[in-house]
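Engineer: These are the residues of each chain, in order.
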Amino acid sequence: MTDVEQGKVSSGQVVLMYFVFRLFTMAVLLPLVSTGTAGRDSWLSALLVGVWTALITLPMLLLARRFPTEAPAAYLPRVVSRPVAVVIGILFAWYFLHLAVIELRQFADVLNTALLRETPSLLLTGLMLAVVAYAMDQGLEVIARSTQIIASAIIAIALFVLGLSAIHWRLENLAPVLANGWRPVLVTSFSPLGWFAETVIVLFLFPYISDKHTLPGKLYAVIAASAVILAAFGTAAPAMFGAAEAQRQTFVGLTIIRSISVAGFLERLDPLLIVALISGVFVKAGVLLYLAALVLAQTFGLQSYRGLVLPISVLALGFSRIVFESTLEARHFFAPHVMTPYALSITTGLPLLVLAVAALRGQRGGAS
Amino acid sequence: MRQHTHFIPTRGVNLFRLFRRRRQGASRGRGQPEGEGGQESRHAQRPTDEGITFGNMPDKEPIDPDLNKVKARLDDYLGDSPDIGRRDFKIAGKTDALAVFVDGLVDKALLNSGLLRPLILGVVEAGIHPPINDLHELVRTSLTAHGIETTGDMVQAVNSVPDGTVVIFIQGSRQAILATMRMWATRSIEKPEERPSVRGPKEAFTETLRLNTSLVRRRVRTPLLRVEDMKLGTVGRAELCFMYVKGLAADGLVQEVRRRLNRMDTDISISVQGVEECLEDHPLSLVPTAFTTERPDEVAAGLADGRVAIMLDGTPEALIVPTQLSQYIQAPDDYYTRWPAGTVIRWFRMFAMLLALAAPAVYVALITYHQEMIPQRLLMTLAQEREVVPLPALLELLLMEATFEILREAGLRLPRPFGQAVSIVGGLVIGDAAVLAGLVSPGMVITVALTAVASFAVPELSMHLAIRIARFALTILGGFLGFFGVLTGLLFMLVHVSALRSFGVPFLAGLAPVSKRGLKDLLWRAPAWATKLRPEHLSPGHRQKKTSSTRPDPYRHDEGGDELR
Numbered sequence: 091m092t093d094v095e096q097g098k099v100s101s102g103q104v105v106l107m108y109f110v111f112r113l114f115t116m117a118v119l120l121p122l123v124s125t126g127t128a129g130r131d132s133w134l135s136a137l138l139v140g141v142w143t144a145l146i147t148l149p150m151l152l153l154a155r156r157f158p159t160e161a162p163a164a165y166l167p168r169v170v171s172r173p174v175a176v177v178i179g180i181l182f183a184w185y186f187l188h189l190a191v192i193e194l195r196q197f198a199d200v201l202n203t204a205l206l207r208e209t210p211s212l213l214l215t216g217l218m219l220a221v222v223a224y225a226m227d228q229g230l231e232v233i234a235r236s237t238q239i240i241a242s243a244i245i246a247i248a249l250f251v252l253g254l255s256a257i258h259w260r261l262e263n264l265a266p267v268l269a270n271g272w273r274p275v276l277v278t279s280f281s282p283l284g285w286f287a288e289t290v291i292v293l294f295l296f297p298y299i300s301d302k303h304t305l306p307g308k309l310y311a312v313i314a315a316s317a318v319i320l321a322a323f324g325t326a327a328p329a330m331f332g333a334a335e336a337q338r339q340t341f342v343g344l345t346i347i348r349s350i351s352v353a354g355f356l357e358r359l360d361p362l363l364i365v366a367l368i369s370g371v372f373v374k375a376g377v378l379l380y381l382a383a384l385v386l387a388q389t390f391g392l393q394s395y396r397g398l399v400l401p402i403s404v405l406a407l408g409f410s411r412i413v414f415e416s417t418l419e420a421r422h423f424f425a426p427h428v429m430t431p432y433a434l435s436i437t438t439g440l441p442l443l444v445l446a447v448a449a450l451r452g453q454r455g456g457a458s
Numbered sequence: 006m007r008q009h010t011h012f013i014p015t016r017g018v019n020l021f022r023l024f025r026r027r028r029q030g031a032s033r034g035r036g037q038p039e040g041e042g043g044q045e046s047r048h049a050q051r052p053t054d055e056g057i058t059f060g061n062m063p064d065k066e067p068i069d070p071d072l073n074k075v076k077a078r079l080d081d082y083l084g085d086s087p088d089i090g091r092r093d094f095k096i097a098g099k100t101d102a103l104a105v106f107v108d109g110l111v112d113k114a115l116l117n118s119g120l121l122r123p124l125i126l127g128v129v130e131a132g133i134h135p136p137i138n139d140l141h142e143l144v145r146t147s148l149t150a151h152g153i154e155t156t157g158d159m160v161q162a163v164n165s166v167p168d169g170t171v172v173i174f175i176q177g178s179r180q181a182i183l184a185t186m187r188m189w190a191t192r193s194i195e196k197p198e199e200r201p202s203v204r205g206p207k208e209a210f211t212e213t214l215r216l217n218t219s220l221v222r223r224r225v226r227t228p229l230l231r232v233e234d235m236k237l238g239t240v241g242r243a244e245l246c247f248m249y250v251k252g253l254a255a256d257g258l259v260q261e262v263r264r265r266l267n268r269m270d271t272d273i274s275i276s277v278q279g280v281e282e283c284l285e286d287h288p289l290s291l292v293p294t295a296f297t298t299e300r301p302d303e304v305a306a307g308l309a310d311g312r313v314a315i316m317l318d319g320t321p322e323a324l325i326v327p328t329q330l331s332q333y334i335q336a337p338d339d340y341y342t343r344w345p346a347g348t349v350i351r352w353f354r355m356f357a358m359l360l361a362l363a364a365p366a367v368y369v370a371l372i373t374y375h376q377e378m379i380p381q382r383l384l385m386t387l388a389q390e391r392e393v394v395p396l397p398a399l400l401e402l403l404l405m406e407a408t409f410e411i412l413r414e415a416g417l418r419l420p421r422p423f424g425q426a427v428s429i430v431g432g433l434v435i436g437d438a439a440v441l442a443g444l445v446s447p448g449m450v451i452t453v454a455l456t457a458v459a460s461f462a463v464p465e466l467s468m469h470l471a472i473r474i475a476r477f478a479l480t481i482l483g484g485f486l487g488f489f490g491v492l493t494g495l496l497f498m499l500v501h502v503s504a505l506r507s508f509g510v511p512f513l514a515g516l517a518p519v520s521k522r523g524l525k526d527l528l529w530r531a532p533a534w535a536t537k538l539r540p541e542h543l544s545p546g547h548r549q550k551k552t553s554s555t556r557p558d559p560y561r562h563d564e565g566g567d568e569l570r
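Here the protein sequences line up with chains V and Y, keeping their order.
So that you can map any letter, position 144 of the first sequence is 234 in the working numbering, and since no number is skipped, the others follow by simple counting.
So that you can map any letter, position 436 of the second sequence is 441 in the working numbering, and since no number is skipped, the others follow by simple counting.
Worth double-checking, as some hints may not be accurate.
Claimed, not checked - Some residues of chain V that are not near chain Y, with every Cβ distance over 10 Å (derived):
| hint | residue |
| --- | --- |
| 1 | LEU201 |
| 2 | ILE245 |
| 3 | ARG273 |
| 4 | PRO401 |
| 5 | THR417 |
Said to hold, decoys possible - Below, a list of computed lysine-lysine pairs in the BS3-like style, where the Cα atoms sit at most 25 Å apart:
| hint | chain 1 | residue 1 | chain 2 | residue 2 |
| --- | --- | --- | --- | --- |
| 6 | Y | LYS236 | Y | LYS251 |
| 7 | Y | LYS99 | Y | LYS65 |
| 8 | V | LYS98 | Y | LYS525 |
| 9 | Y | LYS251 | Y | LYS550 |
| 10 | V | LYS98 | V | LYS308 |
| 11 | Y | LYS521 | Y | LYS550 |
| 12 | Y | LYS551 | Y | LYS521 |
| 13 | Y | LYS551 | V | LYS302 |
| 14 | Y | LYS521 | V | LYS308 |
| 15 | Y | LYS65 | Y | LYS76 |
| 16 | Y | LYS521 | V | LYS98 |
| 17 | Y | LYS74 | Y | LYS99 |
| 18 | Y | LYS99 | Y | LYS76 |
| 19 | V | LYS302 | V | LYS98 |
| 20 | V | LYS308 | Y | LYS525 |
Said to hold, decoys possible - Across the chosen pairs, the derived CB separations fall in these ranges:
| hint | chain 1 | residue 1 | chain 2 | residue 2 | range |
| --- | --- | --- | --- | --- | --- |
| 21 | V | VAL267 | Y | PHE477 | 51 to 59 Å |
| 22 | Y | GLN549 | V | LYS98 | 21 to 29 Å |
| 23 | Y | GLU377 | V | GLY408 | 30 to 38 Å |
Quick caveat, the hints were computed from the structure, so don't treat them as lab data.
Just so you know, even glycine gets a beta-carbon here, dropped at the ideal spot from N, CA and C.
Bound-form chain Y, shown alone (with noise of 0.2 Å):
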């Protein structure tokens, strides 16, 4: 027989389901026998809950006017944890009253000033009398926080405290005061580590839900941005919103994000990407079809392009949908600088990218197949180096790359100091010796540390790994079938990317589909003023973004260009 010990199952909320589904069997007498048993040892282990876990948490339950037996429901819901402040005053010097919160996460002297204060001392100023019959007058007159609601269900108030919200229960009301006073240690305003940029902004994302979105508004002032809220996770209940700009972002999107969020069901999310997971069309691609991003400013950019943000609080990252694959080979510095220069290093980041996937596939396709088509001085020196080596190309190679592999997750992991020394043994002792000691020729050495190189040029994290993981399995096609299983790889790749969708928009949107106004995000950085469409794959109503042409022109008439000659 199982023993269920614990109270919270740890696997996933299915897990609770089962839990839950068995206990009602062994009720209706299906020959359970740890059902009831197991209920009944574990409320000898801990007497206080009185039956009140997670599995059995009513939807909702009305306020007992009775104060004292609100306090004694609240000891069922709350336990006695000692990070739960609990407040008895008198309304007036009459009235009993509670104020229930979690301490550390509600600012203390807006509670005292602005709700303690005015119910203790300030009621009677305002001609209101105990007892109490008509909270939403009490609120209206007396108190002076912002953010306060009355409920009547105890389950709600209840719930609300781990938010940052205190409570207030009064003695002989139905109702209980919900007044949001959240205050809490965060990390400040830092700059973007993940997609870091030489010139432009340099604010990123922090953990605080309402400070990331304030972020986003500051640079989307139109009154039109809708922020929706929403509860994640039956156990970690953040708060998970979306944004977009009512009327560029198409209805259709907004009501299918809306449905995915609402369909996820899980304990608790702590990252973004776990929403992203539940989010995607393709959940088994390699590739990633929600854009991730830690910049308020390409959050904004989205946003007025017609794209959804996805926000969780507690962590520092964004999701933009639907996403094609020109998100991915822009970089912030592309807008952030002149755009020829944006252009022309875009075409270099596109080449790095190639190079990564494809860069040491192609050397083992031609030093065990195609020797022909290395030039012949190349060819020589090649064998040369080649011919002390034991191992066969492709092996040599995936002996380098894994070893590569290694160092970098090691370098990632280990503290700074740690890891300059993982650098140096890595590198220098075992790239060097390596080459030494003839297990490895130096044109191995030299294309897996372009390909690292080229890797790292690849702008955003989850792509960057898709490459580096697509890579080993196209550079095996290469070492067993040359130049034709590279290309046949490639061939797939393309094939799977094209059927990529994103919230129902192909991923390759603007390249195929092509569309002139869709390369201009992915061939070319066109400037400023070239662009006067949205992109038509996003907001379909409202394409036009200027009405007339803004390249500036000293020399036309209508810009004062006669008095400047």
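So here's chain V without its partners, still in its complex pose (with noise of 0.2 Å):
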């Protein structure tokens, strides 16, 4: 059977697709901060994060290194049988749908507070999700190079507003570093690992990667470089406003970006938080949706992915719509004892699983 998706990319596309996913997390929401208890020794849990990702990323590396030229759709069935197969698709494609409904409800409530206070949150959802599902519909390749281009600028602005803000940090506010002990900081690191976990994408577009050697490297750079970046972010918040003050924040990215005044004129940022915004949602929706129609293609067997583009699409602009009453309720739900063990169960347990069936029963894929 030929694949629904006949595109090649090329690892580095890839893991550039999991770093704009990681900035913009941390642009709009900052997990870390905004859910975690550790206070002003958030930048340790972010290092510790980074340990954790590379652990969960590590069966799903494998797995895909185990079947290096099909799509688990195609080896699920004979691994775990073909119920079971079809459960985990479903999982995986409801997983991809949910996270990529919660950033664009995340996006639009951003974008009300901080742009547009009354143009309706479903006009600016239905045109982003206009152009995500223009660019689903281009297949996976299209999806990469734009990848590419805006997350360079995603990068560029990343850098600058963090080293801009650096001017403000005041870095008494971060001692007495470790006052309440591991603790804290320990339950802190698992907030943001649900978001983390994204990288399972490289599971499902490791047979479109042209260059798969190299992806094992190049992710861990970027898991590196994300837990770095988030580090300091976790200086920054703290740094500027003090702990408590920082968690209280609704979106600690916009704070942060809107108390930068540099020598009187280069102030009133937000622009630059727009810019990433908006480019990153992209992606993070274009991505997530595009694996969610693939995912269901692949594991019913349709001839191409591209007729759910369409359902997918208004499906996500209606869940984007309840998915949550309020932002109180998301917070509620992105704490890390609901979201993390929501993530870490389908994105590492299922593939954990699977490779533990496939190991004991001694199956393999073609060669890589």
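Now that you have both chains on their own, put them together as the hints suggest.
Structural biologist: Listed below in structure tokens is the structure:
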């Protein structure tokens, strides 16, 4: 059976997708600070997140390399029987859709807070989804190429903003280090992990990567870079506002950018955040919704995923209205004891399970 | 009942087909009354045509050995147009022969010295005596002109007459001699107007294909340069050729170019843009995916990169495929100045392209929705200016843009003396007076002017036009949805441009998928010694340009640096 996706992408493009995912979540939500409890020790938690992510990514990579040329939907029936494979496929499609919906909602909420207070968020989400659907329809290669260009802009913005915000850091806010011991630091480190677990996209994109052997190295480099940038944000927020105040902000990233003022003229940098936000949500929703469509199409053996683009986009539009009642409710969902187990059970639990079964049965796919 | 009074329908080849099909249908009795009747009435109008019309030209026809029958047949084909020259003569005073040519397209001196004179006088010296049995022998031994072939096909003979070929029919022979002696009035090589440069070569293509190919061959002298010819258009029958360096251009690319050119089906192609439209991967896109240039040096550079150039007789431009975004950002001068200057100026040009695309949209978005992002003092000034303006910012801007577009068009179309008047009336009277009258704000005039100037910094015309049109869409989005609209519009454009391919090669190649080599053509103008590889997306087989570093270094031993010191 020919695959529904015929394109090829490079491992660099795939890890850039993941990097944009990370930066977007940091810019909008910064779960490390907003739902964590480590306060001034957040930066330590951020570094720990990097370690955990490296660990949970391992089974995904091992599984992907076990079946390097096949999409999961192709080898899952062989490994865990067809009914279980269908369940796993649906679970992942749901997970991708859910994540995309959350991000779309967050994006609309920030825009309504920071930019267009009276524009109906349905219009904002709808227009964005129109562009996303266009990109999905064009295929993986096009999403990857757009990501590549957007990534350079977002990375530049993140570094620029962090660099400028450093002027306002009062590092004494961070002392004393580890005043409350390691426990809150550890707990907090699980808060962003649910988001960092998005590395699972490589499991589904692996068959389409042209230079597969370079992927693990680049992926780990990007995980490390994400952890370091997260640590920088984890330093910036408490160092600028104090730990308690930082946690109270709805959108920490926005607050950080708005507080920047250099020499009286380099201020009101909101447009930078808006650029990062809009292009970031495009990449994130684009990749995730594309994967949802792809996984569904492969699981059910459709000729093409393109027929699913429109239904999934409409579904995402509707869900984005009802996924949360309010930002407060969203916060509860993002808490480490809700979001993280939910995400990890799918992104790490399922691949681990499949990997274990495949290893026990000694099953392998074609050579890479 | 529709009457077909014209012999040549004017609207494209499809009409011809329709026309032909309908007539066939009538003869099969399908009840299309205009078929046969129409044909007969045409014959009544033009008795000389004897039924050979555009629609029913045969593909092949043997040449009758009887010269009188040939003459009658020629009347069928060519009619009695006064510009068709016919010269009756006798070979060696014995055998009747006829030369046919188009007056004004052949070199008459050459016709006399290379063809008629040897045939009339010289054949006997060569030892050939009529009757002529072997035309090849005749051509080999007694004709002095070049480009001579023979054919036994009447249709081919007749078709080659308008190409500037002299056709000679000989009594008793089933063959005709075709001698290419084209010479016609041409424009001389002039300076490039569309893509001028301060330094560097100043030659531009002309309307003559052979001259154009020679301009390219003078720069690409490898014998591996290949030129392939074909005819384009059932009416125009213009020569079309494509050139490539064998081994540098990917085989698949050359085949694809050949396939797409052969696929073309048209009456006449009067410009290379018509060819472009039939060749493109994305015929509906605003963005060009075949690069048009009038500069032989750019074609030469493209060929050396492994691209294919397409040229059409009668148009002073060439198409280069595949093309990438980088080509639209480069200007010829980048490569004719020192590399740091070339690089920095290229950055300014990219910034100008961005301004040309988005400046009005951003201005409208700022003024309409995001006043808090404008520094306070500037905001006060702007607000004061806008106090008297009756229109919302978006309308005001669209009005100004429309005025400007009309001025630009008027200035372009009018003869030069009038053009100046237009610019005075437009620039001074309308611009200044509109501000004084309170119709538009000065800030808006500045924005529109800046945009206009920036758009002229876009070095390639197709891209310039694409940006100009896309700008309107972006402006309207900005006017309705602020920054969100502008950014969504830009995202859409990004996705679209990412999806574009030119002959299979991604339009953004070099940038996305990114490559170190590709960025040398795009983000900076790398010095000549720094580029060791050819672009990977073009000539995958032969990437290595040079084998060792050619960076000049007088202190290196092998360059004799010791002696210099």
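Engineer: Is the straight-line distance between the alpha-carbon of LYS521(Y) and that of LYS308(V) 25 Å or less?
Structural biologist: 17 Å, holds
Engineer: Are GLU377(Y) and GLY408(V) spaced within 30 to 38 Å by their CB atoms?
Structural biologist: About 33 Å separates the Cβ atoms of GLU377(Y) and GLY408(V), which means 30 to 38 Å holds.
Engineer: Measuring from beta carbon to beta carbon, are VAL267(V) and PHE477(Y) in 51 to 59 Å?
Structural biologist: Cβ of VAL267(V) to Cβ of PHE477(Y): about 57 Å, so the range 51 to 59 Å holds.
Engineer: Next pair to validate is LYS251(Y) with LYS550(Y); report whether the Cα-Cα distance is within 25 Å.
Structural biologist: The given pair, whose Cα atoms are some 15 Å apart, holds under the 25 Å limit.
Engineer: Between LYS236(Y) and LYS251(Y), is the straight-line Cα distance small enough, at 25 Å or below?
Structural biologist: 22 Å, holds
Engineer: That 21 to 29 Å hint for GLN549(Y) and LYS98(V) (C-beta), does it hold up?
Structural biologist: For LYS98(V) against GLN549(Y), whose Cβ atoms are near 24 Å apart, the range 21 to 29 Å holds.
Engineer: Are the Cα atoms of LYS65(Y) and LYS76(Y) separated by 25 Å or less?
Structural biologist: 17 Å, holds
Engineer: Are LYS98(V) and LYS308(V) close enough, with their CA atoms no more than 25 Å apart?
Structural biologist: 17 Å, holds
Engineer: Verify the proposed pairing of LYS521(Y) with LYS98(V), using a straight-line Cα cut of 25 Å.
Structural biologist: 19 Å, holds
Engineer: Checking one constraint from the list: CA of LYS308(V) to CA of LYS525(Y), max 25 Å. Satisfied?
Structural biologist: 23 Å, holds
Engineer: Hinted pair, alpha-carbon criterion (25 Å max): LYS99(Y), LYS76(Y). Please report holds or violated.
Structural biologist: Holds. LYS99(Y) to LYS76(Y) sits at ~18 Å (cutoff 25 Å).
Engineer: LYS74(Y) and LYS99(Y): Cα distance at most 25 Å?
Structural biologist: 19 Å, holds
Taken one by one, the earlier hints fail for this structure at numbers 1, 7, 13, listed in ascending order.
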